[in-house]
Amino acid sequence: NAGVMQNPRHLVRRRGQEARLRCSPMKGHSHVYWYRQLPEEGLKFMVYLQKENIIDESGMPKERFSAEFPKEGPSILRIQQVVRGDSAAYFCASSPRPGDTEAFFGQGTRLTVV
Amino acid sequence: GENVEQHPSTLSVQEGDSAVIKCTYSDSASNYFPWYKQELGKGPQLIIDIRSNVGEKKDQRIAVTLNKTAKHFSLHITETQPEDSAVYFCAASIIFSDNNDMRFGAGTRLTVKP
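These protein sequence lines map, in sequence, to chains A and B. Numbering-wise (the working numbering), the first sequence opens with residue 1340 and increments by one. Numbering-wise (the working numbering), the second sequence opens with residue 264 and increments by one.
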C-alpha cells in the first residue's frame, strides 16, 4: 500500500502563473487535508475535503486558491496568479473514514515563485 | 474552532537528557492528540498519539501525557539521541465525528547535541 503521494516535489512558477499541486491519498482513504508550511513556521490548515465535497475551507485564502477532490483521481490544490508570498511547502494528508484517526502525510510540494 | 498552542518553539538538549514539549488546546470536545516528527525535507510522520480516554501512553523512549481538565498534553523524550533532532508538531482533533480535521501547533525545533 503506497503512502500519500504528492507531485511534483518541487515546482517553480513565475509571478502570475498558475500552480497545480496534486495529492493521491492512501488507498482506501477518503479524507484529504491540505496544509501550508511557510519557512520556519508550523503547519497551517488550509482545507479539508472528502470525495467530491469540501468540508472545511476556513484556512484557505478566499482569492486565487481552490481545492478539489474528485470522485476519481487525485486531490488538486490550485493557486492562480501566484505571488512571491505563495512560496511555501504544501503538504497533504489523508485518513480513512470517520472512526479511524491516524493521518498520513505526503512528502510535500515545495513551491517557489520567482 | 480549535486553537493549539505549542511551547517551546526551540529546544536544545544534551545527548542523553530528556526533552519535554507542551501543547494546550481550546476545544474541550477534542479527543485525539497526535504528535508528528518532521525531518528536514520530509513530510511529518506520526510518532505517537493519545486519545482522551487515557492519561498517558508510552512507546519506548517516547511518552505522551494528557490533562483533559487543564486542556494540555505533553511529549516526553527520554535518553535523547542526535537522530531525535527534528521539528515536532502536536495536533488536536475530534474523532468519531463527521468533521475530523486536525489543527497543529506551531512546532518545536529540537536539537540534540552529541
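Check the hints yourself; a few may be wrong.
A short list of chain B residues far from chain A (calculated; beta carbon distances all over 12 Å) [stated by the list, open to error]: (1) S272; (2) G318; (3) T332; (4) K334; (5) A354; (6) S356; (7) V375.
Stretches of chain A that chain B covers, calculated by requiring three or more beta carbons in the stretch to come under 8 Å of a beta carbon on chain B [stated by the list, open to error]: (8) 1381-1394; (9) 1443-1449.
Everything labelled a hint here was simulated from the structure, so no lab data went into it. Beta carbons are placed, not taken as given, at the ideal position from N, Cα and C, and that holds for glycine.
Results for each hint:
1. Listed as a non-interface residue, B:S272 fails to keep its Cβ farther than 12 Å from every Cβ of chain A; the least gap is roughly 9 Å.
2. Look at B:G318: its CB is around 18 Å from the nearest CB on chain A, clear of 12 Å, so calling it non-interface holds up.
3. A cut-off of 12 Å between C-beta atoms confirms that B:T332 is not in contact with chain A; the least separation is 22 Å.
4. The beta carbon of B:K334 sits about 19 Å from the closest Cβ of chain A, which is more than 12 Å, so the claim that it is off the interface holds.
5. At the 12 Å boundary, the C-beta of B:A354 falls inside the reach of chain A, the nearest C-beta of that chain being 8 Å off.
6. The claim that B:S356 is not at the interface with chain A is violated, since a C-beta of that chain comes within 12 Å of its own (minimum 8 Å).
7. Under the 12 Å C-beta cut-off, the non-interface status given to B:V375 relative to chain A holds; the minimum distance is some 19 Å.
8. Coverage of the region 1381-1394 of chain A by chain B holds in this model, with 6 residues showing a Cβ closer than 8 Å to a Cβ of that chain against a need of three.
9. A count of 5 residues in the region 1443-1449 of chain A with a Cβ less than 8 Å from any Cβ of chain B is obtained; the coverage claim is therefore met, three being the minimum.
The structure fails hints 1, 5, 6 (numbered hints given earlier, in ascending order).
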